[in-house]
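Novice: Once you have looked at the hints, place chain L on chain C.
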Amino acid sequence: MNHLLRPQAPISDAGWRLLDDEARQRLTPALAARRLVDFSGPHGWEHSATNLGRVDPLAVTPCEGVAGLQRRVLPLVELRADFELSRAQLRDADRGADDADLAPLDRAAHRVALAENTAVFHGWDGAITGIDEASPHEPLRLGEATDGYPRQVAAAVEQLLSSGIEGPYGLALGREQYRLVVETAEHGGYPLLEHLRKILEGPIVWAPGVNGAVVLSLRGGDFVFDCGQDLSIGYLSHDGEVVSLYLEESFSFRVATPEAAVALKP
Amino acid sequence: MGSDQYHEPADELPAQTRTFARLCASLTEEAEALGWYEQRLAVEPDPEAAAIMRDAQGEEFKHFSMDLEFLLRRTPRWREVARGILFRAGDIVENGEQAEAEAFEGERAGSERASRDDGSLGIGSLR
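If you read the sequences in order, they're chains C and L.
Going by my numbering, the first sequence opens with residue 1, and the numbers climb by one from there.
Going by my numbering, the second sequence opens with residue 267, and the numbers climb by one from there.
Isolated chain C (complex conformation):
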């Protein structure tokens, strides 16, 4: 048994499969960052820090005639969302019910995906520097009307090219911006989604948690998501009515090439 304590939970093997499948289905469409940045790992729960290859000088040494340097590392963060499920619902699922109420798990999955995307694209105060925080480029403005989207996305791509950043490029769109892009056809009926895809030569990703949009290079090596424990469901406690569980992961994120992304504000 590992730190997730899953064998301690009053949940059958079939119940665990149901919960894991449900979580996977809910998380996968929303984990936008994992579609656009490099993924390293998973390196396990015991993985605590990302090597940065940097050192800080130490002013004091244990004795004369020696010098000391201290390694600088990026600590991983633990991201967790608690939820409770009805044990009656889980028993129904064991009997073969295919409509067990797993809404609390679905909501937890949404919160985790939102948090992961937000941390990667906009940062996590005191823990992670986000892509748009690191970018030296002045953010572009998408504006209210979708008419201007191709121009602004093309301007972002041109800015990356001017900085020597190769494509292909990806586009993370916030919920509202994604909806607008998908529903819009330009003059002559050409879908805006296809027009943007041609400009980018890469994917357009639905990214809940992103404020506006971010254009970034997908050439590799510029943005690294360092995963310790990948997303998992663990057990906390239970009584006669409910079982308390949580969704959890550990990760760090670092921007190796700050100029490889341009933010587009709404």
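What the hints contain is simulated information worked out from the structure, not anything from laboratory work.
A couple of the hints might just be wrong.
To be verified - Okay, the calculated beta carbon distance ranges per label pair: (1) C:Pro136 / L:Arg354: 32 to 38 Å; (2) L:Tyr272 / C:Arg17: 39 to 45 Å; (3) L:Glu368 / C:Ala67: 29 to 35 Å; (4) L:Ala297 / C:Arg151: 37 to 43 Å; (5) C:Pro136 / L:Gly362: 57 to 63 Å; (6) L:Tyr272 / C:Glu201: 37 to 43 Å; (7) C:Asp239 / L:Thr283: 43 to 49 Å; (8) L:Pro313 / C:Pro150: 51 to 57 Å; (9) L:Glu278 / C:Leu193: 16 to 22 Å; (10) L:Gly362 / C:Asp92: 36 to 42 Å; (11) C:Glu158 / L:Ala297: 43 to 49 Å; (12) C:Asp92 / L:Glu298: 54 to 60 Å; (13) L:Tyr272 / C:Val55: 48 to 54 Å.
Stated by the list, open to error - One-sided excerpt, in silico: chain L residues whose CB lies under 7 Å from chain C: (14) Arg339; (15) Thr341; (16) Pro342; (17) Ala365; (18) Ser386; (19) Leu387; (20) Ile389; (21) Leu392; (22) Arg393.
What the hints assert, rightly or not - Some but not every residue of chain C turned toward chain L, in silico, with C-beta under 7 Å: (23) Leu4; (24) Arg6; (25) Asp20; (26) Ala23; (27) Arg24; (28) Leu31; (29) Arg34; (30) Phe39; (31) Gly220; (32) Asp230; (33) Leu231.
Beta carbons: idealized from backbone N, C-alpha and C, even for Gly.
Specialist: The following block gives chain L in isolation, referenced to the frame of chain C:
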């Protein structure tokens, strides 16, 4: 016919995968053409005809290289391995083994460990 390049129902494949499959098919055809021209050149006694075929083979070099570059740009993991092999001196097999190890071993070890004993959902990278 046109859909022979797909092993799965084309309407179930995302657009990116269909494009990837088309370029893979194109790469295969260019490689076949290169081999055919090489054989024809080896047996052609007429220097004028051989010159034309040599020129045509040059076109196939270009087409093959463009197809390959496109596929590498769209497939970062492939690109990572190719970086360790293409345009490098030394033993090709050794370079290949080293490139594979550098690109995949850490990832594979992590994934295997994850699926074996960490109880995770196994989502990992979605690229």
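Novice: Next, verify each hint and record whether it holds.
Specialist: Outcome of the hint check:
For the pair Pro136 of chain C and Arg354 of chain L, the beta carbons lie near 33 Å from each other, so the given range of 32 to 38 Å is met. Between Tyr272 of chain L and Arg17 of chain C the beta carbons are some 31 Å apart, a value that contradicts the proposed interval 39 to 45 Å. In this structure, Glu368 of chain L and Ala67 of chain C meet the distance hint of 29 to 35 Å, their C-beta atoms being roughly 32 Å apart. For the pair Ala297 of chain L and Arg151 of chain C, the beta carbons lie near 40 Å from each other, so the given range of 37 to 43 Å is met.
Hint check: Pro136 of chain C to Gly362 of chain L, Cβ distance near 38 Å, so the stated range 57 to 63 Å is violated. Distance hint check: the CB atoms of Tyr272 of chain L and Glu201 of chain C are about 22 Å apart, inconsistent with the given range 37 to 43 Å. A C-beta distance of roughly 48 Å is found between Asp239 of chain C and Thr283 of chain L, which places it inside the suggested range of 43 to 49 Å. Against the hinted window of 51 to 57 Å, the Cβ-Cβ separation of Pro313 of chain L and Pro150 of chain C comes to about 53 Å, which satisfies the hint.
For the hinted restraint 16 to 22 Å between Glu278 of chain L and Leu193 of chain C, the CB-CB distance of approximately 20 Å keeps it satisfied. The given range of 36 to 42 Å is broken by Gly362 of chain L and Asp92 of chain C, whose C-beta atoms sit roughly 54 Å from each other. A C-beta distance of roughly 35 Å is found between Glu158 of chain C and Ala297 of chain L, which places it outside the suggested range of 43 to 49 Å. Our hint of 54 to 60 Å for Asp92 of chain C and Glu298 of chain L holds, since their Cβ atoms are close to 58 Å apart.
Checked against the hint of 48 to 54 Å, the C-beta distance between Tyr272 of chain L and Val55 of chain C comes to roughly 52 Å, which is consistent with it. For Arg339 of chain L, the suggested interface contact is upheld, since its CB lies about 6 Å from the closest CB of chain C, less than 7 Å. Interface hint status for Thr341 of chain L: violated, as the beta-carbon distance to the closest one in chain C is roughly 10 Å, over 7 Å. Among the interface hints, the one on Pro342 of chain L holds; its C-beta lies about 4 Å from the nearest C-beta in chain C, closer than the 7 Å criterion.
Violation of the interface hint for Ala365 of chain L is found here, the shortest Cβ-Cβ separation to chain C being roughly 14 Å, above the 7 Å cut-off. A cut of 7 Å between beta carbons decides the hint on Ser386 of chain L: the least distance to chain C is about 4 Å, and the hint holds. At its closest, the beta carbon of Leu387 of chain L sits 5 Å from a beta carbon of chain C; the interface hint therefore holds under the 7 Å criterion. Among the interface hints, the one on Ile389 of chain L holds; its C-beta lies about 5 Å from the nearest C-beta in chain C, closer than the 7 Å criterion.
Because the beta carbon of Leu392 of chain L sits about 4 Å from the nearest beta carbon in chain C, less than 7 Å, this interface hint is met. Interface restraint check: Arg393 of chain L against chain C, minimum CB-CB distance 6 Å, threshold 7 Å, status holds. The closest approach between the C-beta of Leu4 of chain C and any C-beta of chain L is roughly 5 Å, which is under the 7 Å cut-off, so the hint is satisfied. With 7 Å as the threshold, the beta carbon of Arg6 of chain C comes within range of chain L, its nearest partner Cβ sitting at about 6 Å, so the hint holds.
Interface hint at Asp20 of chain C: satisfied, since its Cβ lies 6 Å from the closest Cβ of chain L, which is below the 7 Å cut-off. Proximity of Ala23 of chain C to chain L holds as hinted, the smallest CB-CB distance being about 6 Å (cut-off 7 Å). Interface hint status for Arg24 of chain C: upheld, as the beta-carbon distance to the closest one in chain L is roughly 5 Å, under 7 Å. For Leu31 of chain C, the shortest C-beta to C-beta distance to chain L is roughly 6 Å, which falls under 7 Å, so the interface hint holds.
At a threshold of 7 Å, the smallest CB-CB gap from Arg34 of chain C to chain L is about 4 Å, leaving the interface hint in force. About 3 Å separates the beta-carbon of Phe39 of chain C from the nearest beta-carbon of chain L, less than 7 Å, and the hint is met. A distance limit of 7 Å between C-beta atoms decides the matter here; for Gly220 of chain C the minimum to chain L is near 4 Å, and the interface restraint holds. The restraint placing Asp230 of chain C at the interface with chain L holds, with a minimum CB-CB distance near 4 Å, inside the 7 Å limit.
Look at Leu231 of chain C: its Cβ gets to within about 5 Å of chain L, closer than 7 Å, so that hint holds up.
Hints 2, 5, 6, 10, 11, 15, 17, counting from the list given before, are not met by this structure.
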